[in-house]
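Peer 1: Here is how the chains run, residue by residue.
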Amino acid sequence: MMLSGPAADPDQPGALIFGVSEVSTLICDLLDDARLQEIWVRGEVTNYKNHSSGHHYFSLSEGGERSSALINCVMWRSCAAELRFAPRNGMGVLAFGTLEVYEPHGRYQLIVRRLLPAGAGERHLMVERWKRELDAEGLFSPERKRPLPAFPRRVGVVTSRTGAALQDILSVISRRYPVEVVLSPAAVQGEGAHADIAEAIRRIDGLVDVIIVGRGGGSFEDLFPFNHPDVVRAVAACRTPVISAVGHEVDTALCDFAADLPAPTPSAAAERAVPDRVDLLREVAGHRERMRALLSHRIAAAENEVDDLRARMHPRRLERRVHERMQRLVEHADLLRRAALARVQRERAALAEARAELLGRDPLAALDRGYCIVGSGRRVMRSARDLHPGDRVMLLMKDGRCRAVIEEVTYDEDV
Amino acid sequence: MTKTFEEMLEELRGIVRRLEDGDASLEESISIYERGALLVKQCEDLLGAAEMKLTELGRDR
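Keeping their order, the protein sequence lines are chains F and A. Here the first sequence stands for residues 1 to 415, numbered as in our numbering. Here the second sequence stands for residues 1 to 61, numbered as in our numbering.
What the hints contain is simulated information worked out from the structure, not anything from laboratory work. Wrong hints could be hidden among the right ones.
[Stated by the list, open to error] BS3-like cross-link-like pairs, simulated, lysine-lysine; straight-line CA separation at most 30 Å:
(1) A:K53 <-> A:K41
(2) F:K131 <-> F:K145
(3) F:K145 <-> A:K41
(4) A:K3 <-> F:K145
(5) A:K3 <-> A:K41
(6) A:K3 <-> A:K53
[As the list claims (entries may be wrong)] Just a sample of chain F residues kept apart from chain A, beta carbon distances all over 10 Å, derived:
(7) G14
(8) V23
(9) Y108
(10) R146
(11) P178
(12) V182
(13) P185
(14) E191
(15) R203
(16) P241
(17) E283
(18) H287
(19) A301
(20) H323
(21) S383
(22) I406
[As the list claims (entries may be wrong)] Selected chain A positions facing chain F (Cβ under 7 Å, derived; list incomplete):
(23) F5
(24) L12
(25) V16
(26) R17
(27) S29
(28) G36
Backbone N, C-alpha and C define an ideal beta-carbon position, used for all residues, glycine too.
So that you can see chain F by itself, here it is in the shape it has in the complex (with noise of 0.2 Å):
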């Protein structure tokens, strides 16, 4: 383009300078043409979104691997509400409408009033065949999966140098659990982007202890190379095993299928590749607690065993045993003594007994047998020399009494 000449100098006097709204208006008079009313455009839905609003939003595209046409369109709810079917991503449409231009936005777009299924769009069909064949490979089969290493020292990543993907990851994975992280650095979109993609996931297999194969969000298109077989057989091939991230949660691509862990995001990709420190920090101080219980107890077992030693060998025990010994002595004491006692009373029964016999005696019956006492006044005499002739002496018979007068004594000398 020319910029010399007076148009192009401001100061120049002719010189024309527009507002920016006299330039929208400007074109919207040129896109007010009428091949642009009410006209039927052939496309593929893409970026489709059927907001909460009620309006549907959506791409047409055209062109083979890479889209090489787009036109924003937009079905307002009134219009939306006639759908006879539910428009995806990849169908392939006929939508009538008239292309306006949105001046606050400075963009035109496709007010899409009526709206035709045409067919499954020709990429998603390739999409479709390619899933075909790679299943029947084998390449999506769950045998195939081997588990991650749950403390990887070094965590591949195969994405754009650029992009969102490997800050979101890198960022993860410095909170998370800090390793060496090694970019294997690939364009992610574009011609050619599948080549290079597969390409950095072969130069970085068997250099790292897991990978992370992915890219931030994007329009179906942008995801496209994920699909691309010779992403999927290079990520099946892997000897390392890999995590696939590509897009957003509700993106998919082919590549998810073949990795040993789809992740929904490059984020979430990081958070299954490497441990979390706060987890592991608790989980050693967790281990650090219990060792201290169980130390405590294990010391507060052995204590008891001391204990229970000392309370076996303990002097009490000798005290109750001479206790033992003790009452049994007290015991046989008090057997003896009763037995003493008993004795005791026994033969001073005997004796009473005795005396009782002895007293029973009546001292009377000497006179039966012929006897007499002899008595003077109120006394008994026992002896000759008590009596003199000429005494008066009462004898005490049997069966009476006599008085009686002493004519002689004579005593007997040896007596």
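Here the structure of chain F is known, so what remains is to put chain A in place on it, guided by the hints.
Peer 2: What follows is chain A alone, placed relative to chain F:
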């Protein structure tokens, strides 16, 4: 020869299991505990000191 975090954590788990068994003598238990306490410290140090490093593979390999 320094152990990896994984190896240290595994040994630590083993130590807790041995203490749980409770058939070690008191002397053994104490020395096992001391080994465990050292591992706890090393694990914490290792996690605390870790730093992320980014390297990039050349394309012409």
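Peer 1: Mind listing which of the numbered hints don't hold for this structure, in increasing order?
Peer 2: 3, 11, 12, 13, 15, 17, 18, 19 and 26
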